[in-house]
Amino acid sequence: MLTLDHLKLTFANFSLSADLVVPIGGITAIVGPSGGGKSTLLSAIAGFVQPSAGRVFWDGADITQRPPGDRCVSILFQDNNLFPHLSVSQNLLLGLRRSLRFESGDEDKIAQILDKVGLSGFQSRKPAALSGGQQSRAALARVLLGGRPLVLLDEPFAALGPALRDEMLDLCAETLATQGCTILMVTHDPRDAARVAGQTIVVLDGVAHAPAETGPLLADPPDALRTYLGG
Amino acid sequence: MARSVVPVNGTLRWPGTIAVGLALVFLFGPLIAVLWRAEGLASLSRADLSAVWFTIWQAAVSAVVSIGLAIPVARALARRQFRGRQVLVTLLGAPFLLPVIVAILGLLAVFGRAGIVNSFLGALGLPDVSIYGAHGVIIAHVFFNLPLAVRLILQGWVAIPSERFRLAAGLNAPIWRVLERPMLASVVPGTFVVIFLICLTSFAVALTLGGGPRATTIELAIYQAFRLSFDLAGAATLTLVQIAICAVVALLAFAITALDAMGRGLDRVVARWDGSVWGDFAWITAAALFLLLPLVMVILRGLPSILELPSSVWVAALRSVMIAMVSAGLTVALALALALRGGWLVVVVGTLPLAFSGLVLGAGLFLIVFPFVNPSNVALPVTALVNSLMALPFVMRALVPSVAQVEAQYGQLADGLGLRGWARLRIVLLPRLRRPLGFSAGVAAALSMGDLGVITLFATGDRATLPLEMYRLMGAYQMQAAASSALVLLGLSLGLFWICDRGWRIDADA
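Protein chains in written order, with my numbering: chain A, 1 to 231; chain B, 1001 to 1510.
Be aware that one or more of the hints could be misleading.
[Claimed, not checked] Facing chain A, from chain B, some residues (calculated, C-beta under 8 Å): (1) Ala1169; (2) Gly1170; (3) Phe1281; (4) Gln1409; (5) Gln1412; (6) Leu1413; (7) Asp1415; (8) Leu1417; (9) Leu1419; (10) Arg1420; (11) Ala1423; (12) Ile1427; (13) Arg1432.
I should point out that these hints are in silico values taken from the structure, not numbers from a laboratory.
We treat Cβ as the ideally placed atom computed from N, Cα and C, and that holds for glycine.
Based on the provided sequences and hints, a complete structural model is requested.
See the structure below:
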């Protein structure tokens, strides 16, 4: 499980505290008003931001000081999830190892994963030759191939249309969740949370609240969240 | 979003630290050698003092004339749209890559004894003008710096929002007083200092067109002390004076402004409702003629006998190409290492060479190697080294922002994938930096190819570079061969730039 132990993130005129536990497996949504620190929380878990206090544990191990690449964490950003100068299979290979040298078996693994995300035969394409939805799929394929247990989604599908976004969320739920990954997903749309996330963390007024069941939370939100949701 | 992300620096830093060390050693080592040998300012002779005075005077006059002519030209370019405008603005950047000695040959063809201007004056029964001496130096400096001044001032003009011109026109307010004079007041001082600094350190112009008691610059005096009187102590003292003057002016330039002559966005024309169309086009035509005619003359005079060039010229050309390639490789490696490292030290190292001149560095290195080896034996490596140090500031200006941009876009992705150090360099940075790297290599190669500075101190006999060989031909009045060599040099300089700049772009994905 992921434990944020009295975590404190402080920047100029911004601070966020989190003291919570996310159980292994399943999708947990992070919702809250924009500017509230949802992405910053993910950045801290991924290791891009150093907390001013507190610790991050994964599976009992303290990973607070580890660099992002060594954290058993995969993260997808809003954009720039693929290197434009590398082909799809080279981009995917970087999920396996830090080199562009293909070893025996790599090609097969990549073909299988591409099959899973519906990109069969796209190996040699460059990202520029893919649509937005296909780029998301390729990035997701790299995460799947990497097989890291904790996956952070920082609104990677925000630029897609509503139908395509639902499709990608379902695909994540299908593929990542069945692989046994723990998924943290930032979203500003409560419907996304309702669609795939069993639990939801609310980030509000400088505090990331412990995960709660998504259904009851959205059905009867606390006052401040109700203001944000507008319902 | 509060995205104040603390950078997790996965880029290689230690090569940059080594590069900082190397640059400092090669910049300050010669300086220390010079200090060691100099005999104190008291030993400056009358001739030395007049060289100091002439150096400052010609730089100031060159800067004033360049700017004075650049203002109407820049204004004309800012408010007129015509076919070929974009080409002309691009060409204004070309003198930066033009070998000085080639331009001088072109200027001689126009303003020299048998040149176009004098033939014209002779036909009218007017006395000849001579391009040798102080005004020759100034004409050449204006040739090189007028385009720079136009670009810098044009930037100021296109930076004025078009709404302001509309507002001024609507109010019938004097555009000059409310818009243009304030803009110039902020742009001109920086432009002046930059051109002043360039003219302070321009050696080849003084070498070819100057000389004599009334047109000797400090650098020319240093060269003469080395080559004619072999007065090493005197040369060291003059070098010290030159460094001191340049350091003061460079500090001034740094303080006044961070100018960027390579800036983009010069293709905007502001709609205006003032000024005479004919006056503007007269200025543009005159400037274009002044800049293009010498180059056209080089091509016209050089082309016919290009196949009859002596083999020594081709050998020198080969030597120059090799030096240029080594120098370009070294510059790009240093600049990339520095750009990856970042930090204030890198800013210092990237700016310092502006305060040195190639000749000054060469003088120091000469003093260092002279007791141990025959300087002429190390002429070529020293030239490559000095050329790459001198190109460093310009190359850094292109590379540092590009590295920052790649890191901003793909740094987190690379961090997340654990790409650090060499893997990050190979897989992420080098492929993404192909364009700026190619441009940098091109600039460094062209600058080195055309350099006629440090080599004049070191080379004897059969170790000449192409610019030096060309200078010798001019000195021997073999003007036909010199013109053809100039054409070869021009072609090689621009060719090297083109190959590097384009070659690295092929297949570079956006």
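Okay, the hints, checked on the actual structure:
At about 42 Å, the closest approach between the beta carbon of Ala1169(B) and any beta carbon in chain A exceeds 8 Å, and the interface hint on this residue is violated. Contact between Gly1170(B) and chain A, as hinted, is not supported at the beta carbon level, the nearest pair being about 41 Å apart and thus beyond 8 Å. This hint is violated: Phe1281(B) has a C-beta 43 Å from the nearest C-beta of chain A, more than the 8 Å allowed. Against a cut-off of 8 Å between C-beta atoms, the interface hint on Gln1409(B) holds, since the closest Cβ of chain A lies about 5 Å away.
Taken as an interface hint, Gln1412(B) checks out: its beta carbon lies about 6 Å from the nearest beta carbon of chain A, inside 8 Å. Satisfaction of the interface hint for Leu1413(B) is found here, the shortest Cβ-Cβ separation to chain A being roughly 6 Å, below the 8 Å cut-off. At a threshold of 8 Å, the smallest CB-CB gap from Asp1415(B) to chain A is about 4 Å, leaving the interface hint in force. Evaluation of the Leu1417(B) hint against chain A yields a held restraint, the C-beta minimum of about 5 Å falling below 8 Å.
Here the hint on Leu1419(B) is kept, as its CB sits about 6 Å from the closest CB of chain A, short of 8 Å. The interface hint given for Arg1420(B) holds, since its Cβ lies 7 Å from the closest Cβ of chain A, which is under the 8 Å cut-off. With a cut of 8 Å, the hint placing Ala1423(B) at the interface with chain A holds, because the nearest CB-to-CB distance is about 5 Å. A hinted interface residue such as Ile1427(B) counts as satisfied when its beta carbon comes closer than 8 Å to some beta carbon of chain A; here the least separation is about 6 Å, so the hint holds.
Interface restraint check: Arg1432(B) against chain A, minimum CB-CB distance 6 Å, threshold 8 Å, status holds.
Hints 1, 2, 3 from the earlier list are contradicted by this structure; the remaining hints agree with it.
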